[in-house]
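2 protein chains.
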Amino acid sequence: MKKRTSLKDIATRVGVSTALVSYVLNNQKEDRISKEVAARIKAVAKELNYRTNQIAKGLKTSKTFTIGLIVADISNSFSASLARIIEDEADKNGYTVLFGSSDENDIKLRKLAHEMINRGVDGLILAPTENAIELLLELKETEVPFVLLDRYFPQFRSSYVALDNFQAGYMATEHAIESGGKRIGMINFRSTHFHLEERTRGWLSALREHKIPGGKKQLRLVREHHLESEVQKTVNSLLSQQEPVDTLLLASNMIAIHALRYIIEKRLKVPKDIAIIVIDETEAFEFFYAPLTFIRQPLQEMGQTATRILLDNISHNKAVSQVNLSPELVVKKSSLHHYSSPLKR
Amino acid sequence: MKKRTSLKDIATRVGVSTALVSYVLNNQKEDRISKEVAARIKAVAKELNYRTNQIAKGLKTSKTFTIGLIVADISNSFSASLARIIEDEADKNGYTVLFGSSDENDIKLRKLAHEMINRGVDGLILAPTENAIELLLELKETEVPFVLLDRYFPQFRSSYVALDNFQAGYMATEHAIESGGKRIGMINFRSTHFHLEERTRGWLSALREHKIPGGKKQLRLVREHHLESEVQKTVNSLLSQQEPVDTLLLASNMIAIHALRYIIEKRLKVPKDIAIIVIDETEAFEFFYAPLTFIRQPLQEMGQTATRILLDNISHNKAVSQVNLSPELVVKKSSLHHYSSPLKR
Chain A
1 MKKRTSLKDI
11 ATRVGVSTAL
21 VSYVLNNQKE
31 DRISKEVAAR
41 IKAVAKELNY
51 RTNQIAKGLK
61 TSKTFTIGLI
71 VADISNSFSA
81 SLARIIEDEA
91 DKNGYTVLFG
101 SSDENDIKLR
111 KLAHEMINRG
121 VDGLILAPTE
131 NAIELLLELK
141 ETEVPFVLLD
151 RYFPQFRSSY
161 VALDNFQAGY
171 MATEHAIESG
181 GKRIGMINFR
191 STHFHLEERT
201 RGWLSALREH
211 KIPGGKKQLR
221 LVREHHLESE
231 VQKTVNSLLS
241 QQEPVDTLLL
251 ASNMIAIHAL
261 RYIIEKRLKV
271 PKDIAIIVID
281 ETEAFEFFYA
291 PLTFIRQPLQ
301 EMGQTATRIL
311 LDNISHNKAV
321 SQVNLSPELV
331 VKKSSLHHYS
341 SPLKR
Chain B
1 MKKRTSLKDI
11 ATRVGVSTAL
21 VSYVLNNQKE
31 DRISKEVAAR
41 IKAVAKELNY
51 RTNQIAKGLK
61 TSKTFTIGLI
71 VADISNSFSA
81 SLARIIEDEA
91 DKNGYTVLFG
101 SSDENDIKLR
111 KLAHEMINRG
121 VDGLILAPTE
131 NAIELLLELK
141 ETEVPFVLLD
151 RYFPQFRSSY
161 VALDNFQAGY
171 MATEHAIESG
181 GKRIGMINFR
191 STHFHLEERT
201 RGWLSALREH
211 KIPGGKKQLR
221 LVREHHLESE
231 VQKTVNSLLS
241 QQEPVDTLLL
251 ASNMIAIHAL
261 RYIIEKRLKV
271 PKDIAIIVID
281 ETEAFEFFYA
291 PLTFIRQPLQ
301 EMGQTATRIL
311 LDNISHNKAV
321 SQVNLSPELV
331 VKKSSLHHYS
341 SPLKR
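Chains as they are written, first to last, in the UniProt record's numbering: chain A, 1 to 345; chain B, 1 to 345.
There could be a bad hint or two in this list.
[Claimed, not checked] Below are the DSSO-like pairs computed for lysine-lysine, each with C-alpha atoms no more than 27 Å apart in a straight line:
id	chain 1	residue 1	chain 2	residue 2
1	A	K140	A	K108
2	A	K92	B	K42
3	A	K269	B	K272
4	A	K35	A	K108
5	A	K8	A	K46
6	A	K333	B	K269
7	B	K266	A	K333
8	B	K182	B	K266
9	B	K233	A	K111
10	A	K272	B	K266
11	A	K111	B	K111
12	A	K269	B	K333
13	A	K92	B	K111
14	A	K92	B	K108
15	A	K272	B	K269
16	B	K332	B	K233
17	A	K272	A	K333
18	A	K269	B	K8
19	A	K266	B	K272
20	A	K333	B	K332
21	B	K111	A	K108
22	B	K92	A	K42
23	B	K211	B	K333
24	A	K108	B	K42
25	A	K333	B	K333
26	B	K333	B	K182
27	B	K332	A	K266
28	B	K333	A	K332
29	B	K233	B	K269
30	B	K332	B	K182
31	A	K46	B	K8
32	B	K266	A	K332
33	A	K92	B	K35
34	A	K211	A	K332
35	A	K266	B	K269
36	B	K272	A	K333
To be clear, the hints were calculated from the coordinates, so they are not data collected in a lab.
All values reported here derive from a predicted model rather than from experimental measurement.
Take these sequences, add in the hints, and give me the full structure.
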């Protein structure tokens, strides 16, 4: 087997320190060093086929029994719970998990994926950011197995485990209609993420099938980086318009947390003034005075399935597995307009 | 510089595959391979000074601009929030963070620390498990800089950033007394962790100084792996004894979550039937019908300070920094026995 190109080989050829090569190739900010040097290091690395060696050949000859997991935001309970489940499942199989958190940032995601691969993980589980396609194409070339988690790109063929998000939106909305909702608004993120768009599509589809008026006029989109103020503004606008909504479908647990704070502040009565249904959950929901109705994502199944597919891919099977898990509706008080009626409890 | 010993060098000497050497040295379960082979690999690795080379020499010559973070339980919001803060602070300084979660398991902690060091992290931030001293002694020998987070061992000299936990227990108890508490019980983990013992010591010290009777008779210890049932049992025992407690000091956010569930189930009135104060917090507390009084840990400061100390240690300074951060009392309704009185609000 041909000797692998090392950082030192590149450093010697360029005439710089190994540390500098590592710095440049690990995609660090380059403002501290000259552009010419950075370009030269990258050119030599390419010429010596640095990455291909490290990754494609390196991994096949020596497993490290380590997998990388890149979540969207480790401070969100959704990501943190999944991380714990994947860690437990990997541990059962003798694998250690190294985590990273992209914070929904394409550059961080790329950096983390490169760091992990250069450190020899046997495979990756990742929740891709909005513009991750290019990175995923690169990953395919490296032949490091990977499984997408929670999100995927319908136009990009790869293994993934995700919720059936259309079904989640549809199911939540149908429940709202059955509970007596006549004007059902939705708040979602302003995002091109397919999984979020699917939730909106499910909502809209249920409204249409049940001939509930309003449609997209009752949809509000908020930006993640202005979440608190935009959730307040949009809840307020949906409630104070000429025909206020009587039900709010909230597309994520973080949108819900901010909406609840606003509802408490404004002393609105749930579900009398406004019924609430959330897609996804968080520990806080059960402690709200009207415990929240929500769509449960099967986290245990999601994390375990993703881990198993990845470990299968690592050890033998190169099959592409695409799994859409069914959402579960958990009905509590917040969605029941007439919750004093025994029939509705 | 002497060439580093590689896994391949060891494999060649022992006459096994590189993968097998990696498997053994990364502390994987060894039940699949013979004990003799495993022992031989370890002996040769020691003889060739494998670890020392990889770590002590490797790191000094080529920084990777990566740090490792090992938290206690990534699914706990305390760990997850700290991870996010450390990630942000490291990113500002051009560093990537690889996380791991020990789940309070000594063996997992050791495995993660080894994985990270063998993958060339420049330093480690870690929340040590109960019996981590031996590992910490090893880490000192490797000369990889590390900073302890949240927990430390008073008898072991190293950099750390933690809460002043005695003060936290004391402050919470003093507030309970000032709010009219006469019988103040405490629920803590059954653990030898110094930071948890300090919380109990602070509680006891405040009781004694204010001549509140009861003392250790009002202390209950619960096991982490039986948390739900033991919290229920202990809340019940403190409330149903001949002289029931009127205030509960809960030593962690997870103890509080289970106590609140039980309190809701039993339809107890907070604070009328029982006042509640918690050390540490979680998002759920603000949504409970009587928002919880709690001791806030300065997470931002904790994560940022730990990161800065580590990066200082990596780049030049070998000083030992020990930081005890001040707790902050956040008073809400749950602790105010007479909360309808305007003076108390």
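> Failing hints, ascending?
Replying inline: 9, 18, 24
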